[in-house]
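Fit chain B to the known structure of chain A by using the hints.
Here the protein sequences come in this chain order: A and B. Heads up: the first sequence begins at 1 in my numbering, then just goes up one per residue. Heads up: the second sequence begins at 1 in my numbering, then just goes up one per residue.
Note that these hints are calculated values from the structure, not bench results. Please note that the accuracy of each hint is not assured.
Same chains, same label: a pair holds when it works inside one copy or across any pair of copies.
As the list claims (entries may be wrong) - Quick list of in silico lysine-lysine cross-link-like pairs, BS3-like style, CA-CA up to 25 Å: (1) K311 x K76; (2) K230 x K7; (3) K309 x K230; (4) K7 x K326; (5) K124 x K76; (6) K70 x K31; (7) K407 x K73; (8) K124 x K407; (9) K244 x K144; (10) K388 x K124; (11) K33 x K289; (12) K144 x K130; (13) K407 x K244; (14) K251 x K70; (15) K124 x K251; (16) K388 x K25; (17) K388 x K125; (18) K7 x K144; (19) K273 x K349; (20) K144 x K251; (21) K372 x K326; (22) K349 x K244.
All figures in this text were calculated on a predicted structure; none of them were measured in a lab.
2 protein chains.
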Amino acid sequence: MERTYVKDLSGQIGNPVLLRGWVHKIRDFGKLKFIMLRDKTGLVQLVISDQTHEGLRIETPLEVRGILQKNDKAVKGLEVQVEALSILAEPEYDILPIEINREDLNSALETNLNYRSLSLRNVKKRAIFKVQEEITECFRTFLKGEMFSEIHTPKLVSSGTEGGSEVFTVKYFDRRAFLAQSPQFYKQMMVGAGFERVFEVGHAYRAELHNTWRHLNEYVSLDVEMGFIKDEFDLMNLENRFMKYLFDHLKETCAEELEMYHITLEDIGEIPKMTLEEVHEILLDRYDKKSPVGNIDAEGEILISQYVKEKYNSDFVFLTKYPVKKRPVYAMPDDENPELTKSFDLIYKGLEITTGGQRIHSYSHLKNNMIKFGLNPDDFDFYVDTFKYGMPPHGGFAIGLERLTMKILELDNIREATLFPRDMKRLTP
Amino acid sequence: MERTYVKDLSGQIGNPVLLRGWVHKIRDFGKLKFIMLRDKTGLVQLVISDQTHEGLRIETPLEVRGILQKNDKAVKGLEVQVEALSILAEPEYDILPIEINREDLNSALETNLNYRSLSLRNVKKRAIFKVQEEITECFRTFLKGEMFSEIHTPKLVSSGTEGGSEVFTVKYFDRRAFLAQSPQFYKQMMVGAGFERVFEVGHAYRAELHNTWRHLNEYVSLDVEMGFIKDEFDLMNLENRFMKYLFDHLKETCAEELEMYHITLEDIGEIPKMTLEEVHEILLDRYDKKSPVGNIDAEGEILISQYVKEKYNSDFVFLTKYPVKKRPVYAMPDDENPELTKSFDLIYKGLEITTGGQRIHSYSHLKNNMIKFGLNPDDFDFYVDTFKYGMPPHGGFAIGLERLTMKILELDNIREATLFPRDMKRLTP
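Bound-form chain A, shown alone:
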């Protein structure tokens, strides 16, 4: 007999079924026991009407055979009259450190992270990762439909991507290596290698010294790089279309999960664009808020999102034309004002979730720019040399997967959107 998942039960009333899962809740009336069984796909009530299975504990993994019946008072109107029950493993805990079977856990974030394989059994916690899985799935499907190829680039590298700060050091045999802060150099090289359009779903590492609600030291970066572009607007256009594709898809595939978090996703049209200069003016005029030179800070991100929401009814806004001094060495200078770059950030619900832009594609230009930035091009020769052999105009962007997940579901802390987060204090589980 084949196992049936709980989500596939409806329509099988009167039939014998084989279920597997964990004991979620028990109500014991002596002769009659009601067990809520939880599998990967949902919850269903089991009825045991003899006096076997005394002392069955919560979270025991079971295999159950029985007849599916209608019961309007049970979850989804279904219950299983149990005919045979096997305990697949005896739990060996003293007490459960987390009350998994609540709708909302009442345990602290730290507890939930310490007992991750327990807290994730909570239906609402698992929902976060259903949404996250759909985001990566959409990212790949959308980009493959746009002729992008998936790549895997090394995370063990010989030099920091952005000049070497905030990078983890690895003992690599008899020398030092670093953990890649981003696949930046490699994705550009792959455009030059004739793949033209590439994406990667992979880990990125930042040895940042702050422990905040929005930083992780290891995160999943959704990276895009695209050759033969006209300018940075091609990239913003691509990301805009991706977000629309994603949100339309999430509304279909994650309706239940979004509902759990009381989220209504907007219908994405054209995402508003503002230059950094305009944003600085708005922040000052309307909110009396001063910004750091060449950027906005966390409070500025929140305020400009408020403004855009009120004025354009959009949760998203592209900020464009960041100054050369605040962007990496490979950022393409603006045509009109060479002190600005063809770069952008995407702010979503008050948080930066993307940095992107057009890159310099001329070998001499890039090499001279490195010297101007105080870098030695020889330290990056494997990257810079690529540009000798005919590199088309190109650019790209990266989306932080956990940040996007967190903001879609309006979670308070990025650690909620990570299975096993890594921060300054946390290396386990």
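The following block gives chain B in isolation, referenced to the frame of chain A:
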């Protein structure tokens, strides 16, 4: 006007087209020039019939407008009569270190790896990664169809997975971390966390001190873990079905790439299974080959593959029932002989591409086994504690992506199947 990819040209004869790509070859007859243009999808002949564009160099990125015409003598019977040509970037090389436009490169592997963004422009080299991309795509699609969820687990970990040898050390703020040798502990924990069936496509790190044709220090591991299994045969059955799905799919989507490498993929039926003991006997009887205790060596893998190919006409063979002493601490002992385990390897064309098996799921059993193996369970408490809370019978396996790619295309060196390989000597590009 929209860009057309070379692969989409046929059927557009007589129409104006816009192409982008690199100059692959030039034949210059003064008044008449023939240029082979290469884009991500193929090659097409361009005809320039005026005397412009003198000194155009190989590998220049171009944008071209022209009329598509029939020419039976050109590749695929098509050529483009050029009306406008823009050079998108001027190459700045002295000489090209690799003759990219040959069918088979005649440069050494080291040269090809040193100039990776050049060697990958070669059509046959790129084909390797088309096949590789389809493998990961099939892996995901097949497993999602079997109710598996995709996960991302940390690569920065606090302890080695298999006891701590051959592991890279990372300076993690004020302490030490390691690079994960596999997602083993985490994928098991995710089964226990109620996800039941999980997979991951992610990097794994081995600080192995050998530099061979089949080892990489950073590779992509296709990991699977499955809860509620009966025994290890459920896992072999799953992998068998995946391989069949994959090969059927590759025959459809990569016919051209397989043809380039003169590969005919077998029709996969039921993959033969042999116990390690049987294999030892066959190797000794038929090939006078002695094997190391509890395993076979590289030569043994080749010989047993020969035997299986002759006897069963299969490129694959499962080797089962490895001894406890040669398998990790979490391997489930065999029911009949407790000195053996419910584990297996999959050998393909003379190379191990998978290790797998059922795992111990009882907390006491696992903890006692650790002590028996001379490990301190407290060093792995975040993992072992998971088993207190009700862990169903489970198991899994991992496929080395580069090994599978290499063997499908019968490449000589695993580095050919890696965009940017990492070995004892190589950290760049």
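| query | Looking at the structure, which of the earlier hints fail to hold? | reply | Violated hints: 1, 3, 4, 7, 11 and 14; rest satisfied.
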